[in-house]
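J.: Work out the full structure, taking the sequences as your base and the hints as a guide.
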Amino acid sequence: MRSGQWVRWIWPAVPIVAALLVTSILLFLFGAAPFEAFQAMYEGAFGDQSKTLSVIAFWIPLLLSSTGLLITFRAGLWNIGIEGQIVMGSIAASWVALSLEAPSAVLITLEILAAMVGGALWAALAAVLKTRGGVHEIFGGLALNSIAIIFTNYLISGPWQPPEGGTFRGTAPFQAGALLPLYANSRFSPLSLVLAVIAFVLVVIALRGTFWGLKLKAIGKNLRSAFLLGVSSEREMILAMMVCGALAGLGGGVRVLSWFDSLRQSISGGIGFLALLVVMLANYNMFLVPLIAFFFSAVLNGSITLQLRTQLHSSLGGILTELMVLFVLLFGDAVKLGISREKDEDGQ
Amino acid sequence: MDNSALVLTLSSILLASTPLIIAVCGEILTERSGIVNLSLDGTMLMAAMTGFVIAFESNNVWIGFLAAALVGSFFAFIVAFGSIRLRQSQFAIGFVLTLLGDDLSAFLGQNYTRIPGPVVKHYAIPILKDIPIIGPIFFDQDPLVYFAFILVGVTSFWLFRTQPGLRLRSAGERPEAGFARGVNINLQRYLYTVIGGALVGIAGASYSLNIKIGWAEGSTRGFGWIALAIVIFGGWSPVRGMLGALLFGATKALATYLQRTYPEVSVVAFNAIPWVLMILVLLLVGSDFTERMILIAPKSIQRPLQRILRIAPPAALGSSFIED
Chain A
1 MRSGQWVRWI WPAVPIVAAL LVTSILLFLF GAAPFEAFQA MYEGAFGDQS
51 KTLSVIAFWI PLLLSSTGLL ITFRAGLWNI GIEGQIVMGS IAASWVALSL
101 EAPSAVLITL EILAAMVGGA LWAALAAVLK TRGGVHEIFG GLALNSIAII
151 FTNYLISGPW QPPEGGTFRG TAPFQAGALL PLYANSRFSP LSLVLAVIAF
201 VLVVIALRGT FWGLKLKAIG KNLRSAFLLG VSSEREMILA MMVCGALAGL
251 GGGVRVLSWF DSLRQSISGG IGFLALLVVM LANYNMFLVP LIAFFFSAVL
301 NGSITLQLRT QLHSSLGGIL TELMVLFVLL FGDAVKLGIS REKDEDGQ
Chain B
1 MDNSALVLTL SSILLASTPL IIAVCGEILT ERSGIVNLSL DGTMLMAAMT
51 GFVIAFESNN VWIGFLAAAL VGSFFAFIVA FGSIRLRQSQ FAIGFVLTLL
101 GDDLSAFLGQ NYTRIPGPVV KHYAIPILKD IPIIGPIFFD QDPLVYFAFI
151 LVGVTSFWLF RTQPGLRLRS AGERPEAGFA RGVNINLQRY LYTVIGGALV
201 GIAGASYSLN IKIGWAEGST RGFGWIALAI VIFGGWSPVR GMLGALLFGA
251 TKALATYLQR TYPEVSVVAF NAIPWVLMIL VLLLVGSDFT ERMILIAPKS
301 IQRPLQRILR IAPPAALGSS FIED
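Protein chains in written order, with the working numbering: chain A, 1 to 348; chain B, 1 to 324.
Bear in mind the hints are in silico, worked out from the structure with no lab data behind them. Note that the Cβ used here is the ideal one computed from N, Cα and C, for glycine as well. Take these hints with a grain of salt, some might be off.
What the hints assert, rightly or not - A short, non-exhaustive set of chain A residues, derived as facing chain B with CB atoms under 8 Å:
1) W78
2) F139
3) I198
4) H313
5) L316
T.: Okay, structure coming up:
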């Protein structure tokens with residue numbers, strides 16, 4: 001069994017290396033030197049202080065969304081609608097920022113609450129469509145994503161267009177008091193980091209240490225037995241979706257109030273889908289979620305610099321992360337592949 | 001709207017629905033065998049890009065279609081292999097492939113965006129095209145339209161009227177029973193996932209080579225998801241799926257028409273119509289409310305209503321089958 005042990009330790013690195021290899025081949029085919037390209041990505045992410053702060057600022061809404069998804073995945077729900085929940089959160093926060101006048105502290109509190117409510121309600125809609133309407137959350141969520149994005153476009157080209165005329169790019173910048181205080185001229189707001197860390201800790205405690213977490217697990221593992229055991233699956237599912245939506249909405253709020261200063265056309269920037277990848281890659285290991293989210297944020301921010309330097313499309317960063325997730329999904333489990341047998345004997 | 005304008009609108013709806021019809025037929029074959037290929041949106045983007053690039057380089061659209069079909073089968077094969085051999089979640093693999101197809105197509109196709117290339121040539125069917133009204137709508141079209149309609153007929157016949165179709169359905173409905181009768185369940189699933197993927201690939205390429213000619217990043221984004229929703233709405237039947245695709249095409253045409261008629265309403269509002277429709281039709285076939293409404297209806301029409309409105313997926317859809 002010694003060699004089996006060894007394989008199992010080294011195995012998790014194999015999919016990662018494979019993903020890097022495939023990405024290198026792609027770079028090579030397009031005439032870029034892979035090593036220099038990865039170096040450009042690294043410098044784009046951590047080259048100087050402002051770049052590192054950007055990575056952190058992008059990481060926060062991603063962490064919030066991934067944290068929310070930990071809950072819905074635990075309940076066996078595929079919350080693809082998270083993208084729309086982020087968007088609705090940012091719309092709700094923008095609504096407060098554009099329509100109220102108040103001292104900064106009050107305004108920011110209200111914006112954050114509004115963002116969470118906005119995301120939670122949009123998630124509740126997807127949940128009710130599932131439990132009452134028989135619409136699978138994947139399709140309900142996708143349709144709601146598109147509707148939320150279309151709603152944003154409607155707002156920024158219609159009722160909320162800047163005074164100089166609609167440009168389809170975004171609303172006018174919010175009043176200074178409505179924006180989150182930023183650290184040293186960057187897009188990073190320390191307050192949002194505090195909120196994200198609190199959210200993550202609370203969710204971990206809720207999932208690992210409370211009866212509610214256990215109920216969600218029961219629903220996720222076997223819906224019918226959970227029901228027979230007296231778990232109200234409908235209530236818990238809606239609740240799980242709403243908590244996830246609230247966190248995603250908060251992420252959306254952070255996007256408009258610190259990353260941008262106004263409501264923009266592509267406000268989410270694909271963070272919701274990225275968060276789904278993060279949680280899939282973490283595969284039930286909650287403590288990996290912040291690390292993976294940070295890594296993804298670095299890769300995506302770095303690929304922008306890659307594009308500037310090599311003129312190659314910045315989607316390369318996405319390709320790298322997606323290949324990693326794909327290879328981990330396919331080949332990450334050495335036991336299932338039959339390469340390491342250890343578990344089979346005490347397992348099934 | 002006079003006669004010729006109506007004919008023109010209807011024939012354009014038909015053409016615009018063609019890729020959806022092809023993709024829906026492919027996915028129905030896959031799902032009837034018990035596998036969900038969720039990667040349609042990414043697969044279609046990859047296929048649209050590949051089809052265009054290969055057709056551009058070879059100056060032959062049919063080689064483009066062939067390449068697109070290969071890409072489609074390859075993506076589908078990953079889903080099948082991952083779920084059957086490696087026993088991983090089909091949904092997870094399909095979802096990652098969706099995103100990967102999107103980004104990969106943007107990267108690989110970056111030097112081919114917004115350039116003119118070869119297109120499928122219009123082909124009117126002699127004699128039939130001269131039938132008044134019907135002729136210009138159905139028989140004065142591009143070859144893909146004929147292909148789509150033949151495909152619907154063939155798929156439907158194959159599924160419900162042939163022995164191989166029965167074996168295919170047994171894999172999706174009652175794999176144990178099929179296995180007991182000597183059907184190699186997992187072989188069926190591999191086979192029809194790959195065939196379905198090839199059709200999805202052809203559907204993707206029909207956008208870039210016929211309908212939204214050329215390649216641009218994200219050009220077919222969204223259509224894959226709509227095709228997946230139509231499969232549900234169509235109750236996993238090719239004919240109903242075709243009707244769903246046509247309904248969707250008609251809605252798009254309606255949105256364009258309304259936009260022109262009511263320019264004061266924001267343009268973007270009309271873009272929401274297909275998505276609202278998607279939720280509504282899925283509600284119609286899925287909710288308990290429909291069930292209750294059917295029970296209120298007169299006894300004599302309850303059964304037909306039930307047949308039209310209540311649909312169930314193949315019983316073993318998405319589950320894995322382990323022979324022992």
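J.: Run every hint past the structure and note whether it holds.
T.: Hint check results:
no., hint, result
1, W78, "6 Å, holds"
2, F139, "5 Å, holds"
3, I198, "29 Å, violated"
4, H313, "4 Å, holds"
5, L316, "6 Å, holds"
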